[in-house]
Amino acid sequence: MIGLRKNGYWLDLEPDFKLKLQMNNPLVQQDAIKGEYSFPFRIPASATNLLAFGFGSLPQTRDVMSDTDFLDIYYSGLVLFAQAKIHINYQGKNYIDMNVVVDSGLISAIKDIKLKELDWGDDIEVSSTYQFQTIQFPGAVWVTGSVIQLVIVGYGQFLEWIGTSINGALNNLKAQIDAATFFDNKTIACVVVGDQITLTATWVGLNPVLYFFVNTQPGLYYNIIAESGNTWFPAEWAAHQQDALDNPYPARDYIYFPVRNENSLLQISYTPSDIILRPYFDVLYQNFYSAVDGVFRTNYINEIPGTPPVWQGGLITPFMYVASVLDKIAAIFGKKSTGFFHGNAISPMVLYSNVVVDLLKSNSYADSIFTTIFNLRNTLPDVTIEEFITALRNTFFVGINTVERGAKINVVTLSSILTESEIIDWSNKVTRDVIIYAESVAKGFFLDYDREENDLNSLNQKEALENWEFLGSFNNVADFPVVNSSTGSGITFYAFAIDESKIYKRHLPPSTFTWIWQEVTTLNAPFTIGEEEGKEEILVADPLYTYNDREDIEGVGEWKVPLCNQPISMNSMNQHKAKTKKVRFLSYLGMQPNSNSDLYPMGSSDGTNIEGTSIEYDTKLTGEESLYNNLGKEWLNFLMNTRKVEIPVNLNILDLFSLDWSKRIHIHGSNYILYDMQPQIPFADKTLCTFLKIV
Amino acid sequence: MITIENEPSILMTSKNPILAELSSTEIDEPNYRVQGQLVIYNADKSVTAVLLGFPINDRVLFDLAPLINAFLDDLNYVLPDLLATGNVWQNISAGNSCKFQMALLDAFGVPLAEYSDQGSVPFNASIAIRAGFAKPYWGDTAKLFDWLSGFTSASYPFLTWKPKVSLIGENQKEYLSYISILTDDSATSSLTLKANIAYTDGTTHLFTTTVNVIDGHTMFQIPVGINQLGLNGPNPSKKILKYTVQVFQSAVIQSEIRTYVVDYQKYIAERYLMFVNSFGAWDTVRFVGKGEFQSEYLRTLADSYSGDYSQLSGTKKSISQKETAGAKINTGFISRAEVHWLRDLFLSPEVRILENGQLVPITLVEKKIILPIENDVNAISVEYDNKFSNVVYSPANLTTA
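As you go down the protein sequences, you meet chains A and B in turn.
FYI, in my numbering the residues of the first sequence are 3 to 697.
FYI, in my numbering the residues of the second sequence are 68 to 468.
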């Protein structure tokens with residue numbers, strides 16, 4: 003017995019009313035989230051039905067009334083589908099035409115919502131108190147009676163200063179600093195010991211930007227006689243490191259990541275009005291590592307070459323866990339998400355963010371110093387839920403399965419379905435009427451990276467080679483020319499060669515007789531498998547490369563951080579926002595020590611940690627531990643080799659209530675995956691089901 | 068706040084409503100719902116179904132029966148063990164019952180048991196047997212356990228609607244099914260079957276089978292035919308007129324009395340149909356009337372031309388030939404009470420005919436039976452087809468040299 007309930011009314015149905023549904027396995031669908039829907043049906047335009055849909059108040063009219071609404075579908079007294087979306091077409095006749103979009107997992111109902119539009123909670127406030135470093139006043143330039151000025155600089159600009167006469171005792175300066183107020187009501191505490199003065203501000207909060215120095219001649223930078231240490235947010239990093247250690251994945255939603263972003267090396271120069279300073283170059287990184295201090299700084303300011311660098315800060319970059327994003331999607335329906343990304347506790351996947359967290363609350367320096375806020379929303383790529391899920395599916399060869407009628411959103415690796423999933427026996431539910439389709443599900447696949455304009459490899463390397471100078475290009479290594487010596491003197495030549503998918507380089511120095519071809523890189527040309535004709539395209543998320551060079555800053559212990567090429571915006575004080583439009587992933591290996599034993603959050607995209615030891619997943623398509631080798635190969639081969647088999651099955655209500663698309667179905671000696679089915683409610687003796695044959 | 072108004076009892080029937088009913092004060096909350104996470108299981112498999120419940124008139128009602136019945140319908144009935152004797156009570160629960168348990172979750176998947184204002188959630192595990200009672204004699208909220216508990220121990224029923232006194236053939240395989248509610252399903256009890264034999268010479272003998280230790284809430288099948296119990300053993304020279312059977316726990320009666328009157332009349336043929344009754348237990352019907360064999364043949368031919376035309380080789384060949392056999396048999400004279408009981412046969416999902424010591428699956432083809440209501444003596448013809456086809460022939464009795 004089927005019942006449709008709308009607005010508290012049980013709808014009148016025709017005798018022997020039947021609802022025919024089309025249900026597609028969301029795991030097997032490669033392109034989009036199809037969902038489940040009914041074939042059109044008709045119900046009588048009875049008074050109850052008109053009332054239920056709000057047509058009752060209409061005057062008699064022949065106008066077309068079409069609408070979209072929701073109703074609950076009951077079967078045998080149980081809710082079969084809750085809040086099914088219906089399309090109604092009533093033309094003033096004695097019937098109402100409608101069809102229903104049902105979805106036991108409900109994902110298709112929300113697929114067009116943008117990730118950023120979900121409820122990401124309140125702004126996150128990062129704060130810590132800051133203690134200024136001790137200033138050592140050098141005795142040699144200490145002039146009794148001269149004028150001295152305490153200058154506070156922040157965000158590259160002058161903030162406050164105190165001028166005073168020095169009477170030979172730092173205590174005099176201390177007294178004046180004690181008496182001074184900053185930003186209307188803030189004070190700085192001073193402690194003087196010998197030639198040292200220690201300044202502490204408890205009100206600074208997380209302030210990565212404050213810097214101050216003591217000047218004997220106001221307005222002249224080169225008269226600085228003492229200066230504070232750099233200010234950044236070591237306290238926050240320390241707190242974050244501790245938190246990341248105490249609360250490993252998945253207790254946190256995000257992790258702060260150091261990022262080497264080639265495109266964020268912005269050059270900014272400025273001259274504060276009150277003090278004559280030489281122009282600075284701001285060389286801005288996102289959380290770049292400072293070899294000098296052994297911590298991550300958000301950026302640094304390089305002065306004119308030849309002078310010591312002056313550090314400033316201001317930027318942190320949170321990367322969300324993929325698992326947390328899935329949780330948030332599931333939470334729309336009050337559900338949980340489980341599976342691949344949640345179980346991957348050794349190297350959880352994070353989502354690349356190039357958003358430099360806006361540390362500046364407003365244009366007011368005073369406000370900005372005290373708080374640091376950001377919202378997780380802004381760290382996400384600008385994609386819809388469907389695009390996000392498609393990226394997950396194509397990159398990791400996983401499927402989003404809504405088990406237990408949507409109570410859980412479970413991410414399963416598709417290849418595991420073939421060998422590891424639970425088997426249900428339907429042998430006693432089928433007859434021998436079987437249709438086997440000769441055509442396979444897929445003929446071949448064409449896998450390519452879904453690149454964004456600024457991605458490092460937006461030019462594939464074959465294209466990039468056109469910009470290089472060639473000595474020649476050769477079909478394979480064996481054909482490389484034998485060169486015994488170079489006649490050049492003091493000139494460096496490079497030779498490049500391509501061997502199928504790899505690019506080789508060799509250096510042609512003078513007087514070198516043994517030449518070793520060194521592999522530069524593997525071409526990431528589109529990756530194809532299967533037959534040439536009829537290939538289906540799968541766009542894999544562009545891998546986020548990691549950077550583990552030490553050339554950038556001298557003395558850095560070796561480390562591995564994300565490397566990217568995304569523009570960020572730093573053009574005014576509170577404009578740190580940037581966007582990514584495509585989804586990219588990185589393995590997070592936890593807080594790891596570098597070769598200096600400093601902890602830092604390690605990311606990896608090449609399947610190895612810093613020691614070169616293999617980790618679980620390389621986020622690239624090719625290579626030993628690549629996504630294709632680990633996750634994709636078996637599944638894609640299956641799709642190319644399997645056949646569709648159509649079998650009428652004697653389905654019952656429990657089969658629909660306990661439907662789990664990821665389970666294998668055993669029928670008379672063979673295992674299958676359910677591809678789609680067309681159940682009729684109430685159930686007919688035979689429901690036409692299409693399966694993909696596994697063995 | 069959720070209050071539990073009605074929940075399944077320990078023992079339920081799957082073909083009647085199994086209601087879990089809650090009242091909710093959250094009726095005004097739009098889209099408020101509770102979820103029922105129902106786990107149905109037996110020794111072989113477990114299925115989890117999630118039920119969505121929305122308050123309607125402040126009530127959330129789950130009827131678990133359709134799902135549990137669907138689970139049970141996928142099980143095969145345990146066939147009666149034809150070799151079993153009175154000492155062996157055959158456990159037939161595996162094909163006839165399952166356990167189920169339901170937890171209630173709020174709309175966010177949090178178990179309601181975590182809330183302080185809840186009743187007894189998750190519901191205790193219950194047992195459903197593949198059985199049912201017909202309307203209008205059985206209410207929507209009636210529960211098997213309550214019904215069984217209502218009997219005095221001397222009237223506690225066996226799971227059959229067969230008349231309490233019936234004729235039995237000398238070699239008839241007869242079974243009584245029994246489910247004990249003395250203890251819960253985790254505890255056992257020791258029961259005996261006592262048969263009180265009345266001989267034609269007016270003497271009697273009390274025959275006791277050995278003690279059977281059985282689990283509570285488990286369905287057992289007790290062989291009670293003359294040979295199955297070995298009733299001729301104690302006094303081989305005497306002729307049994309009739310006998311009664313009854314279950315005891317030590318000296319305490321734990322069942323009704325069933326009486327079997329032995330029919331020594333010789334018939335041309337004696338046939339036995341065994342069917343699963345409305346309790347999911349096996350009953351035996353004796354057919355002593357005339358029977359006729361009937362069968363249908365289906366043949367498929369294909370063109371077959373080998374190049375040379377020859378009448379002897381023909382131009383067609385047989386691809387397949389199939390026989391679906393069946394028979395029409397008659398009960399002989401039976402009582403009015405037995406006629407009504409046989410409606411249970413016609414509604415049975417599983418009927419077998421005893422042939423050559425095998426239970427052969429058949430399906431009844433009758434669509435209608437008509438008998439005068441007032442007749443005391445009746446006879447019913449039953450027509451059936453085998454549930455399989457043959458492509459080759461063998462005689463009924465395969466002998467070896």
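Possibly wrong hints are sitting among the right ones.
What the hints assert, rightly or not - DSS-like mimics (lysine-lysine), calculated; alpha carbons at most 25 Å apart, straight line:
#	chain 1	residue 1	chain 2	residue 2
1	B	Lys229	B	Lys309
2	A	Lys8	A	Lys20
3	A	Lys688	B	Lys434
4	A	Lys646	A	Lys635
5	B	Lys112	A	Lys410
6	B	Lys309	A	Lys688
7	B	Lys112	A	Lys688
Keep in mind the hints are simulated off the structure, nothing from the lab.
Hints, verified against the model:
1. Under the criterion of a C-alpha separation no larger than 25 Å, the hint pairing Lys229 (chain B) with Lys309 (chain B) is consistent with the structure, at around 17 Å.
2. Distance restraint check for Lys8 (chain A) and Lys20 (chain A): the Cα-Cα separation of roughly 17 Å lies within the 25 Å cut-off, and the hinted pair is therefore satisfied.
3. At most 25 Å may separate the alpha-carbon atoms for a hinted pair to count; Lys688 (chain A) and Lys434 (chain B) meet this at roughly 23 Å.
4. Taking the CA atoms of Lys646 (chain A) and Lys635 (chain A), the gap is near 20 Å; set against the 25 Å cutoff, the hint holds.
5. This hinted pair checks out: Lys112 (chain B) and Lys410 (chain A) have alpha carbons roughly 21 Å apart, not beyond 25 Å.
6. A C-alpha spacing of about 50 Å is found between Lys309 (chain B) and Lys688 (chain A), which places the hinted pair above 25 Å, so the restraint is violated.
7. Taken as a hint, the Lys112 (chain B) and Lys688 (chain A) pair is honoured in the structure, with Cα atoms around 23 Å apart against an allowance of 25 Å.
Comparing the model with each earlier hint shows a violation of hint 6 alone; every other hint is respected.
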